[in-house]
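Sequence lines, in order, name chains U and V. Going by our numbering, the first residue of the first sequence is number 47, and it counts up by one from there. Going by our numbering, the first residue of the second sequence is number 12, and it counts up by one from there.
Quick caveat, the hints were computed from the structure, so don't treat them as lab data. Since we're looking at a predicted model, the values are computed, not measured. Built from N, CA and C at the ideal position, the CB exists for glycine as well. Check each hint, because a few of them may be wrong.
In the DSS-like style, the derived pairs of lysine-lysine whose C-alpha atoms are separated by at most 25 Å in a straight line are [claimed, not checked]:
hint, chain 1, residue 1, chain 2, residue 2
1, U, K97, V, K271
2, V, K201, V, K97
3, V, K131, V, K97
4, V, K97, U, K97
Pairwise CB distance ranges (calculated) [said to hold, decoys possible]:
hint, chain 1, residue 1, chain 2, residue 2, range
5, U, G169, V, E145, 37 to 47 Å
6, U, T112, V, P189, 11 to 21 Å
7, U, A67, V, H249, 27 to 37 Å
8, V, D254, U, G169, 26 to 36 Å
9, U, R101, V, P83, 29 to 39 Å
10, V, E145, U, A67, 51 to 61 Å
11, U, A251, V, A93, 37 to 47 Å
12, V, T82, U, I61, 51 to 61 Å
13, U, A83, V, R204, 46 to 56 Å
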Amino acid sequence: MLTRYCVALLFVPIIPEMLHALGHKTLGIIFGFGDFALFTARSFAAVVKPKRLGRRVIRAVYEQGTVCLPVILIVGMFTGLVLGLQGYHILQRFGSESLLGALVSLSLIREMAPVLASLMLVGQAGSALAAELGIQRNTEQIVALETMGVNSLGYLVSPRLLAALVVFPIQTALFVVIGLWGGALSGSLLLGVDSGIYWSSVEQAVEARDIRECFIKAASFGLLAVTICAYQGFHADRCSSATGARAVSAATTRAVVLSSIIILVADYVISSFFV
Amino acid sequence: MEASKQDLVLQVEDLHKSFDGNAVLKGVDLGVPRGSLFTVLGPSGTGKSVFLKCLANVLQPDAGRISFDGTPLGSGDSVARADFRKRCSFLFQSNALFDSLSALENVALPLEQTTDLRDKEIRERSLEALRQLELETYRNQYPGQLSGGMQKRLALARAIVTQPELVMFDEPTAGLDPLRRNAVFEMIAKYQRQFSFTALIVTHDVTEALIASDRVALLNHGRICFEGTPAEFSSSSHPVVSDFRDSAEALTGSLASIRKTAASNS
Numbered sequence: 047m048l049t050r051y052c053v054a055l056l057f058v059p060i061i062p063e064m065l066h067a068l069g070h071k072t073l074g075i076i077f078g079f080g081d082f083a084l085f086t087a088r089s090f091a092a093v094v095k096p097k098r099l100g101r102r103v104i105r106a107v108y109e110q111g112t113v114c115l116p117v118i119l120i121v122g123m124f125t126g127l128v129l130g131l132q133g134y135h136i137l138q139r140f141g142s143e144s145l146l147g148a149l150v151s152l153s154l155i156r157e158m159a160p161v162l163a164s165l166m167l168v169g170q171a172g173s174a175l176a177a178e179l180g181i182q183r184n185t186e187q188i189v190a191l192e193t194m195g196v197n198s199l200g201y202l203v204s205p206r207l208l209a210a211l212v213v214f215p216i217q218t219a220l221f222v223v224i225g226l227w228g229g230a231l232s233g234s235l236l237l238g239v240d241s242g243i244y245w246s247s248v249e250q251a252v253e254a255r256d257i258r259e260c261f262i263k264a265a266s267f268g269l270l271a272v273t274i275c276a277y278q279g280f281h282a283d284r285c286s287s288a289t290g291a292r293a294v295s296a297a298t299t300r301a302v303v304l305s306s307i308i309i310l311v312a313d314y315v316i317s318s319f320f321v
Numbered sequence: 012m013e014a015s016k017q018d019l020v021l022q023v024e025d026l027h028k029s030f031d032g033n034a035v036l037k038g039v040d041l042g043v044p045r046g047s048l049f050t051v052l053g054p055s056g057t058g059k060s061v062f063l064k065c066l067a068n069v070l071q072p073d074a075g076r077i078s079f080d081g082t083p084l085g086s087g088d089s090v091a092r093a094d095f096r097k098r099c100s101f102l103f104q105s106n107a108l109f110d111s112l113s114a115l116e117n118v119a120l121p122l123e124q125t126t127d128l129r130d131k132e133i134r135e136r137s138l139e140a141l142r143q144l145e146l147e148t149y150r151n152q153y154p155g156q157l158s159g160g161m162q163k164r165l166a167l168a169r170a171i172v173t174q175p176e177l178v179m180f181d182e183p184t185a186g187l188d189p190l191r192r193n194a195v196f197e198m199i200a201k202y203q204r205q206f207s208f209t210a211l212i213v214t215h216d217v218t219e220a221l222i223a224s225d226r227v228a229l230l231n232h233g234r235i236c237f238e239g240t241p242a243e244f245s246s247s248s249h250p251v252v253s254d255f256r257d258s259a260e261a262l263t264g265s266l267a268s269i270r271k272t273a274a275s276n277s
């Protein structure tokens, strides 16, 4: 009884402080979500404002697409190779090697291609976007746009959002195609599954809703990733623990980590609607 | 030159701005006559850049009234603010040039994004601005490939390409040696007369400002403590003005005293 009383006496004075800190953190998180939602809404609303948007979208498609293409092709090929290899040995246990095409294609289309391609895009294009916007914020280029009467979100972020809607699905589709060839390479060429059986299995297994799920995921991940990366870079000056180049570096790191986590969370949420 | 209210292109009344309870501007009143080269002087850290950024709507003032060409620029009046932005330009201390765009693209940017001009006309006007600032041969160079002086001229070309009525310069000579300071003030004065815009400069370079400006004001501790012609500034007996103006003489006196003390000690 006495011990309990002593413990209570020790903790009573710090309870208000703890509550204050908890409340402060909670308010910060709520403010962050609200601010991010406003940023996203304004970026989408700004699509109608900027002049010569088409050119900037094409430029953004080129920047996001070409930078990431080699990585997408390499990762897609090796993902397919590994799926073919692992899938063959697992299916062999049940005497179902003929289903290798179905396993590789469904794994790629429904899960691996949208997630892995998006993570690769975040690592390449997303980090570059966050760093570029962070430097533009640091060197007053964003403020300069606003003093010129140019909508900075419309000029810098909206074209990238529209480009993501094009680039992420296309890169994901490329990932799937190259991954299927990787699976065929390891399954048919190296492990001896008949090529006709492999491709026939792919054709029979894949349905329209699988492809729909794949593209919905790719487009959603693209929008989420670009918005998060753009938000972090655009507000690099808000970093309380660092300034200048360190703030840009911190914003870039935050952009990549948060985008990757959100992509995985969104993957679960979208998958749960389709299963 | 006593400017009447009708001659003022920009009028500021009782402008206040604080950061986390620290008052930087404590009721600034100022009138900028149309077509003049107006310089706001003041020691470093006295709020000159904050004042200019409040005028350019980069920062939101806490209180006060800003009127451009007789029209109040209320925070909720987006039409007046948009009109103000169209008719004004801002030159940043850091130039704020887009390092991923060429010189020509930098100059063309405000025309591309804020006007309905055709591409051909935008290119012609941008090239003309570059030509006037003797940068035409560098049109395909990126800002990082240009010297500091050229970057300053490029920033000015971008500022004047929209043919603004008012150009605001934030510490245009910060960190420059005396020769380059002279060159920058000469450039501003030359193009201000050539393009007939009103120039509002904030700086702490007294000598150059007094030579180049039509009118000067002194901002001290968040308030304008002097406004008048350079001649009036030079002859003013206001204690803050004389301290600021005679800072070189004060330094000479202090150094002489230090040397004298050192000599007597040895």
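Evaluation of the provided hints:
no.: 1; hint: U:K97 / V:K271; in the structure: violated, 67 Å
no.: 2; hint: V:K201 / V:K97; in the structure: holds, 23 Å
no.: 3; hint: V:K131 / V:K97; in the structure: holds, 21 Å
no.: 4; hint: V:K97 / U:K97; in the structure: holds, 15 Å
no.: 5; hint: U:G169 / V:E145: 37 to 47 Å; in the structure: holds, 44 Å
no.: 6; hint: U:T112 / V:P189: 11 to 21 Å; in the structure: violated, 48 Å
no.: 7; hint: U:A67 / V:H249: 27 to 37 Å; in the structure: violated, 51 Å
no.: 8; hint: V:D254 / U:G169: 26 to 36 Å; in the structure: violated, 57 Å
no.: 9; hint: U:R101 / V:P83: 29 to 39 Å; in the structure: holds, 37 Å
no.: 10; hint: V:E145 / U:A67: 51 to 61 Å; in the structure: holds, 59 Å
no.: 11; hint: U:A251 / V:A93: 37 to 47 Å; in the structure: violated, 57 Å
no.: 12; hint: V:T82 / U:I61: 51 to 61 Å; in the structure: holds, 55 Å
no.: 13; hint: U:A83 / V:R204: 46 to 56 Å; in the structure: holds, 50 Å
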